[in-house]
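Based on the provided sequences and hints, a complete structural model is requested.
Residues 1379 to 1486 (my numbering) are what the sequence shown spells out, left to right.
It cannot be assumed that every hint is accurate.
To be verified - Derived pair list, reagent style BS3-like, types lysine-lysine, alpha-carbon separation capped at 30 Å: (1) Lys1452 to Lys1387; (2) Lys1387 to Lys1446; (3) Lys1387 to Lys1418.
I should point out that these hints are in silico values taken from the structure, not numbers from a laboratory.
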Amino acid sequence: MQIAQPWMKFGTDAGGMDPETARGLTHPRAYGTFTRILGKYVREEGETTLEEAVRKMSSAVATRLHIKNRGLLKEGFFADIVIFDPSLYLIIPHMRSRTRFQLVCTTS
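Quick look at the structure:
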């Protein structure tokens, strides 16, 4: 499968929008691209590892697009850190549920 190819990268051209403002006009890929990759192709089908999928969503894309100081947890780089439970990703199945998502935030 193409997903396992070392040169493959993951991204989407759909921007995330506030569901209230979007009024249902968003495409499922706006929220579902990465959860589908992680849920279906990593967890369920084992087409690639979690580590490799995260690399293909972050540093591989930043490198390919020549985006400097992004994509790695490295001193001097800009970073957003996401902590998640790999057993909980959801796959958004169709157009009707395209803006259903859950945000879990904890602080210590």
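Here's how the hints hold up against the structure:
Taken as a hint, the Lys1452 and Lys1387 pair is honoured in the structure, with Cα atoms around 21 Å apart against an allowance of 30 Å. For the suggested pair Lys1387 and Lys1446, the alpha carbons sit about 17 Å apart, so the restraint of at most 30 Å is met. Between Lys1387 and Lys1418 the CA atoms are separated by roughly 16 Å; this keeps the pair inside 30 Å, and the hint holds.
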